[in-house]
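With the hints as extra help, turn the sequences into a complete structure.
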Amino acid sequence: MLRPFTLHRPETAEEACALLAGLGEEAAAYAGGTELLLMMKLGLLRPRHLVDVKRIRGFGDIGLEPLSGRRLTIGAAVTHRAVEQSALVRARCPLVSSVARHVANVRVRNVGTVGGNLAFADPHSDLATLFLTLDASVELLSPRGRRELPLDDFVRGPWETSRASDELLGSVTLTPWASDTAAAYVKFGVHERPTLAVAAALRLDGTTGAGRNGRDRIVEARVAVGCVSLKPVRMAAAEARLTDLSIGDLDDAARAAADAGSRPPARGAPSPRLAFPTPWSPEAAG
Amino acid sequence: MSARPLRVVGHPVPRVDAIEKVTGRARYVTDLTLPGMAHAKVLRSPYAHARVRRVDVTRARARPGVFAALAGADLTWCDPYYGPAYRDRPVLAIGVARYEGEPVAAVAAVDEATAEEALELIDVDYEPLAPVMTLEEALAEDAPLVHAGQPPAGHFADLSTLRPRPGTNICHQFQFARGDAAAALGGADVVVEDAYRFPPVQHVALEPHAAVAAWDETGALTLWASTQNPYSVRVELAKMFDVPLARIRVVVPHLGGGFGSKTYAKLEPLAATLARAAARPVRLAASVPEAFQTVRRCASRVAVRAGFRRDGTLVAVACDADYDVGAYADIGPRVVQKGTYTATGPYRVPHVRLEARAVYTNTTPGGAFRGFGVPQLAWALESLFDVAADRLDRDPVDLRRQNFLAHGEEFAPGDTPIDGKLEESLSRAAEAIGWTRAPAADRGRGVAAMLKASVAPSVSEAIVRLHADGSVTVLASAVEMGQGTRTVLTQIAAEVLSVPLARVTVVQPDTAVTPYDQTTSSSRSTAMTGRAVQVAAEDVRDQLLAIAAQNLGVAARELALADGALVAPARRLTYPEALALKFGMSGGELIGRGVIAPGRTAAPLGGSTPFWEMAVGAAEVSVDEETGAVRVERYVSVADVGRAINPLLLEGQDEGGVVQGLGHTLLEEMLYADGHLLNGTLLVYRVPRADDTPSELECHFVENADGSGPFGAKGAGEGSLIPVSPAVANALARLTGVRLRDLPLTPERVWRALRARSPRA
Amino acid sequence: MTIRLVVNGRPRDLEVAPHALLLDVLRDTLDLKGAKRSCDTQVCGACTVLVDGLAVSACTYLAVEADGRSVLTVEGLADGESLHPLQRAFVEAGAVQCGFCTSGMLLTAKAMLAENRTPMRDDVLHYLRGSLCRCTGYRKIVDAVLAAAETAR
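For the record, the sequence lines run as chains U, A and W.
When the letters of the first sequence are read in order and numbered with our numbering, they come out as residues 19 to 304.
When the letters of the second sequence are read in order and numbered with our numbering, they come out as residues 386 to 1146.
When the letters of the third sequence are read in order and numbered with our numbering, they come out as residues 19 to 171.
If you are wondering where the hints come from, they were derived from the structure by calculation, not from laboratory data.
There is no bait here: all hints are sound.
Pair ranges (Cβ atoms, derived):
id	chain 1	residue 1	chain 2	residue 2	range
1	A	Ala533	U	His209	37 to 43 Å
2	A	Ala887	U	Val246	57 to 63 Å
3	W	Met138	A	Arg694	49 to 55 Å
4	U	Asp270	W	Gly71	49 to 55 Å
5	W	Arg30	U	Arg66	27 to 33 Å
Stretch by stretch, here's where chain W covers chain A in the computed footprint (C-beta under 8 Å, at least three residues):
id	stretch
6	390-403
7	579-592
8	862-868
9	1064-1075
Remember, it's a predicted structure, so these values are computed and weren't measured experimentally.
Backbone N, C-alpha and C fix where the C-beta goes; we use that ideal spot for every residue, glycine too.
Structural data, given as structure tokens:
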């Protein structure tokens, strides 16, 4: 049961930002509502105004960013289901599609949005964790204009972002990995929200350096871990250790990393038994 | 009469309420609306233990749309305490709040939103007190007392000898002994011992508790309640309001699950109190988090010592069990004594010393939950049995077989002899799991067995009415909570009277209409209520036979019932024709009555169990050593049921029991810290989901028609759950060498145990 | 706010407050009691209804979002007195016990079958992972959904 509120349905970002600016703390941006309405039911949030962003031009779009023609932009009001089903996402970033398929449950995926998820900044967010390996940046709109922020700067801590109260998250843009990148997303947990999540993207190259087969040296490693810190983080030390390794040495390196740290092991080779839908294979192109 | 094959009993007929449930037409308490009905909300204590110095509901009461606002101090016009063992639980806290979530005040208003807002207008002065949150804290010397003074006893004969220890948090003690356990253990060749913990867990019936109460102008009360025992609720309300039993009516539509959470009064007294104060019907529906604050399973710490001879003969068992029954006793004392009574499991043991204590803590009250104390003890004994098998270098299946009680053997003097063949269940389970074939290298197998008594003495009565058109109404107060009792009772009546299933209607329990039934729990409804229905139907049958014998001039023994008619070699008399003959007109009915009331006996608990529930579980598990996650890949449950009245429903029950057992085995635990329940919502309390079900799950039944229930039936539904945790832990031990003693077997616990073990040879 | 929607094939014009939840409008205004309130937090699925064919948690879905859309509840599954194949499969397989989760299970399965007419067991588990049942242990529910898929082919 919810307390009464006024529902606003702006059709442009300008209108929405003006509303947020005018209503201040009394207003909340509302897309799918899967987090917001839950917080309101629990009495943790009591906005008197909801600003529905689903009708805003462009917020429901998935497309290539015009400037680069490569980067993938997902509108804030795009649902997890739409991401899962998008042919473009599947073509450019298949792992994003797979991960979207496993967020929460089917009902939440049908209604919940990417923007809502990122703006809520739950440390357990699958997308926020994965997007850290994709050079993600978010677009923030306000009466003052538009700014773009790396995702890691946008998410500040548990349920805390850099968004000013009159700013609206408009979209998130991802840079698909270079070709010859193998990637996987693994999450482990027992409850509704996972206990540990790891995203790993390894760009391979066999043409330089010693290697038994072609394409088995790790040129660049990106590893992000979610759920266990105040926000999802990239594991710089693990990435450094993985760089220039060959695939054959991966298991040993991972084991060494696991034994050495009390932090969750940053594994470059997730156990196949925990493996996510995207198969672990060098052929998985970014 | 009994030579011919059964027409409907023993057949997997679809349940009689299936269609209403799949079309959304089945009605539960929260689907009901009465004209003028008010909605109630409850203000609950945020402290585990606090003096309640002042509760001011004035502002709430004054809010427009509020019909009643009550605090404990307002309840001067009724007896505000209830409880089946001790009447220790106030409708609203009086002077002290004893657990986080205890109702302190309540409001009835025109709608839920108004009621919620009114709660915010209630001012409460709490003075926090030191709580005792665990068994250790509650049993410590000079521990704060959850209850000062001894509350009056409740309404059960078998608990008339409640034995608290004054000045402590121990509200009941149970002892049982035979032979000389100390000496026998001293002389045993092999002695094993250990202590095992079972966590507090929550039933999570999808429908939380709910009641709608309405007083009429004559001062009679009607209550629609999601309850498993309407008659127990009735007697509580009668005592509270000093109203004769005949003027309190409890009606029970469908329950959205029970599992024991809805036995004995829970929210009904508060609903009735509010309805009286509001002078209009009141609907009180708990949320899922409120269910976590209403009742749970009694947690336990059980220490067991078992002594064996070198040849594997079990000679002695000593058991010390402490049960955490929470802030109010509920039926905890009976859980403790009845569970502990069968602490020795399904085995022959000449020397026994059992001691158990029910201990108050400042947490959600512990009450009945499927298994009723036995899961906690089986977890201990069946785990220890495998430890013994290891020490004796014996196969665990073999060791159990050697020590099983035999069919017809005495369990305890005065009690019913063992009425089933444990060895048969064990053999079938072992065969089905492939016990004698080596498992794959990454798999381990384990078994466990159980024995449980059903509540005794108990009473079930039933009425069967045969109408002028040959259709039948069955009046019985067994509650339909998903287990299929309405269907089973339909089958029994249809079988005895030889009419089609569709011609039989089992009405909903209604204390104004359906006669006394003690409780829908303890796996007893088929055996006891079913037997009452059988007897009542036989009564009608006998009346029909008498009518036909007289009118056809044949002896009753030459008549048979078939397809709604009485049949003699050359004559046939339909039931309508028989009634017309008897009454001389169209109209009238035959009424049959069945009363099953075995009464008190010399058995140790005051009554002889109507049947023994016995079952075996076998698990095959794998473990992910990286994460500690245990997966039950295959599970076999074998239950000795006498006769499966409906094999399809029974299989569904047992599949559900196994998966519910996987819950407390691998996933579930109510976690407290600093006096607060951390995981009282489904976001953080994890119950089994569809992908947790073992890929191979088989439920088998041993049917030797050796029960005292209808057609040789015994009880079932709890036996499938009880062996799960020890079977899984035994399988894990055989696979990895690690022995865990605390449930649930979370990935973290397993992972730590795996890392701590010494390298295997 | 006035909303126009189709519920179980029938056009309805309703006056609802912005903060009204779809579950309450269905149960209290339209007297469709089949969808149940249980966890109230989108975890259990007992409140599942289909909006334009997609499963949503009606307990956490504003009624106004159903404006211009088509809503299907369990009461709309059968064709008059003729059960939907899923309903018939649930009855025959013994997949119903207390019934509180049943409408959510049926509708979720229907949405799945609309997307995937030849599901494997894992596909069913993926969809039903968000629908809780405490009575059945899920086995007969999954069997029923697979059986219904088979029948529909």
